[in-house]
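Undergrad: Got chain A; can you put chain B on it based on the hints?
Chains A and B, in that order, are what the protein sequence lines are.
The first sequence lines up with residues 0 to 268 when you count with numbering that gives the first Met the number 0.
The second sequence lines up with residues 0 to 107 when you count with numbering that gives the first Met the number 0.
No wet-lab data here; the hints were simulated from the structure.
Heads up, some of the hints might be wrong.
[As the list claims (entries may be wrong)] Just so you have them, the derived chain B footprint on chain A, three or more residues with Cβ under 8 Å:
id : region
1  : 230-236
2  : 251-257
3  : 260-267
[Stated by the list, open to error] In silico DSS-like cross-links for lysine-lysine, where the CA-CA straight-line distance does not exceed 27 Å:
id : chain 1 : residue 1 : chain 2 : residue 2
4  : A       : K153      : A       : K136
5  : A       : K131      : A       : K153
6  : B       : K5        : A       : K24
7  : B       : K5        : A       : K5
8  : A       : K175      : A       : K144
9  : A       : K131      : A       : K163
10 : B       : K42       : A       : K245
11 : A       : K163      : A       : K136
12 : B       : K38       : B       : K5
13 : A       : K144      : A       : K190
14 : B       : K9        : A       : K24
15 : A       : K59       : A       : K245
16 : A       : K18       : A       : K163
17 : A       : K198      : B       : K9
18 : B       : K42       : B       : K5
19 : A       : K198      : A       : K245
20 : A       : K5        : B       : K9
21 : A       : K190      : A       : K131
[Stated by the list, open to error] Pulled from the structure, derived: some chain B residues nowhere near chain A, Cβ distances all over 10 Å:
id : residue
22 : K27
23 : R40
24 : M68
Cβ coordinates follow ideal geometry from the N, Cα and C atoms, glycine included.
The primary structure of each chain is shown beneath.
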Amino acid sequence: MSDDIKGGLDETRCPEIIKILSLGKRSGRLFLNNGADTGNIFFREGEVIHAQCGPLQGMKAIHEMAVWTSGEYRFDVDDFPDVVTVDRTVDEILNEAAERIRQMDRVTSLIPSSSAVYELDPEIREKEISLKSIQWKVLAYINGKRSISDIAQKIGLGVSDTMKVFYTLIKTGLLKEADVIEAESPSGMAKLPDTSFMKALTGDLVRAIGPIAPIVIIETADEMGLDLLSDDSNQKAALIESLSSKIPDENMSLQFLDTMTDWINAEAE
Amino acid sequence: MKGTIKDLLKVSGVQGYIIANQKNIQIKLPSMHRLAGAKDRIKRLYDDLVQARRRPGNTIEVFLDDMVMTIFISGTTMLIVLSSALANLALVRMTGKLVVANIVKETR
Chain A
0 MSDDIKGGLD
10 ETRCPEIIKI
20 LSLGKRSGRL
30 FLNNGADTGN
40 IFFREGEVIH
50 AQCGPLQGMK
60 AIHEMAVWTS
70 GEYRFDVDDF
80 PDVVTVDRTV
90 DEILNEAAER
100 IRQMDRVTSL
110 IPSSSAVYEL
120 DPEIREKEIS
130 LKSIQWKVLA
140 YINGKRSISD
150 IAQKIGLGVS
160 DTMKVFYTLI
170 KTGLLKEADV
180 IEAESPSGMA
190 KLPDTSFMKA
200 LTGDLVRAIG
210 PIAPIVIIET
220 ADEMGLDLLS
230 DDSNQKAALI
240 ESLSSKIPDE
250 NMSLQFLDTM
260 TDWINAEAE
Chain B
0 MKGTIKDLLK
10 VSGVQGYIIA
20 NQKNIQIKLP
30 SMHRLAGAKD
40 RIKRLYDDLV
50 QARRRPGNTI
60 EVFLDDMVMT
70 IFISGTTMLI
80 VLSSALANLA
90 LVRMTGKLVV
100 ANIVKETR
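Excised from the complex, chain A in its bound form (with noise of 0.2 Å):
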């Protein structure tokens, strides 16, 4: 059942919600996108017990959605999770959120969006440099064509811990920002639309299938006669189960209907 408690996250942050929906001890499924990415955060009488954000769980999830500042919420009242992921209180959560949104605005002043690209700066100032193994899995990634969340997503860790890992690399001297503009793009993603459906569903089929997913969903769409362009929720429908059909693994392929159906659902309130 619906509350009506929505909006646009560019008013009102995660964090603000959060203590909203705490005050006043509520018990159901907070539910966030900020374009492509979704999230979810379960609360049982105004505690939150479980969060996730894509492969992210827990704190983890949490702090990749308190940084968003654009895209909507919702929050319903009969939903509950299986699991508990989160152990700390609405307060001590909403202290390391603060400090997440300190740290990422210091983060944006130097990287202005994860669609930013780096390359190695052959120009090193440094005479040696000591890295962590986070920071050398990232350095290993950039080749001056792969924007931060093409990284994040290889590397299966959140965009903004992503981004923090640029800024350190950058601050250290060793990135410099790419020529190009455009972001390295698997084959045939420039022929998709360019709307928030598509980079949702293309988001959560790569994370399924890998980079392959946009020439699949061309050649589904084309299959099924669907215009990829179309506002039509039963054609949305349609593809996505097609969709889901073509992914070997039962579980990823259950995780990706339910990512999209929370989609299409979403859409539709």
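TA: Here is chain B on its own, set in the frame of chain A:
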């Protein structure tokens, strides 16, 4: 989404559902619905589709005069969703798949 019956009932045009397994049949339909009292017919359908294990695949869509019966089978569990023919049937199938997967997971 949790993939619960409530999610299914939120889909516009869904009239109700039937869950059948080896032990019982649960019918949740408006009292005036023409399948509301059709327990014996559902039992025969269950026996035919699930017990006999003759049919490959796991989703069956039956178009009746003014409604659609979408049947989901997973193991020995059968979920039937009754909806208007005007409902978003792909959304019904997507949600139904998630619901039946959850029912089976919970009964394991």
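Undergrad: Work down the list of hints and note, for each, if the structure agrees.
TA: Hint check:
Coverage of a stretch by a chain is defined here by at least three residues with a beta carbon nearer than 8 Å to that chain's beta carbons; for the region 230-236 of chain A and chain B the count is 3, and the condition holds. Check result for the region 251-257 of chain A against chain B: holds, 3 residues qualifying (beta carbon to beta carbon below 8 Å, three or more required). Note: the region 260-267 of chain A has 5 residues with beta-carbon separation from chain B under 8 Å; the three-residue rule is met and the coverage holds. Our distance criterion of 27 Å between C-alpha atoms is met by K153 of chain A and K136 of chain A, whose separation comes to about 10 Å.
A C-alpha spacing of about 18 Å is found between K131 of chain A and K153 of chain A, which places the hinted pair at or below 27 Å, so the restraint holds. Taking the CA atoms of K5 of chain B and K24 of chain A, the gap is near 22 Å; set against the 27 Å cutoff, the hint holds. Straight-line distance between C-alpha atoms of K5 of chain B and K5 of chain A comes to about 20 Å, which keeps the hinted pair within the 27 Å bound. With a C-alpha separation of about 12 Å, the suggested pair K175 of chain A and K144 of chain A falls inside the 27 Å cut-off, and the hint holds.
Between K131 of chain A and K163 of chain A, the direct Cα distance comes to roughly 13 Å. Compliance with the 27 Å bound is thereby established for this hinted pair. About 33 Å separates the Cα atoms of K42 of chain B and K245 of chain A, which puts this hinted pair outside 27 Å; it is violated. For a cut-off of 27 Å, the pair hint linking K163 of chain A to K136 of chain A stands: about 13 Å separates their Cα positions. About 22 Å separates the Cα atoms of K38 of chain B and K5 of chain B, which keeps this hinted pair within 27 Å; it holds.
As the CA atoms of K144 of chain A and K190 of chain A are separated by approximately 18 Å, the hinted pair is consistent with the 27 Å bound. Restraint check for K9 of chain B and K24 of chain A: satisfied, since their Cα atoms lie roughly 25 Å apart, inside the 27 Å limit. This hinted pair does not check out: K59 of chain A and K245 of chain A have alpha carbons roughly 30 Å apart, beyond 27 Å. Between K18 of chain A and K163 of chain A the CA atoms are separated by roughly 26 Å; this keeps the pair inside 27 Å, and the hint holds.
Of the supplied pair hints, the one linking K198 of chain A and K9 of chain B holds, its CA atoms being roughly 25 Å apart against a limit of 27 Å. Of the pairs offered as hints, the one joining K42 of chain B and K5 of chain B holds, with about 24 Å between alpha carbons and a cut-off of 27 Å not exceeded. As the CA atoms of K198 of chain A and K245 of chain A are separated by approximately 18 Å, the hinted pair is consistent with the 27 Å bound. Of the supplied pair hints, the one linking K5 of chain A and K9 of chain B holds, its CA atoms being roughly 17 Å apart against a limit of 27 Å.
For the hint pairing K190 of chain A with K131 of chain A, the CA-to-CA distance comes to about 38 Å; that exceeds 27 Å, so the pair is violated. Against chain A, the non-interface label of K27 of chain B holds: every CB pair exceeds 10 Å, the least being about 16 Å. At the 10 Å boundary, the C-beta of R40 of chain B stays outside the reach of chain A, the nearest C-beta of that chain being 28 Å off. The Cβ of M68 of chain B lies farther than 10 Å from every Cβ of chain A, with a closest approach of about 18 Å, so its non-interface assignment holds.
Hints 10, 15 and 21, counting from the list given before, are not met by this structure.
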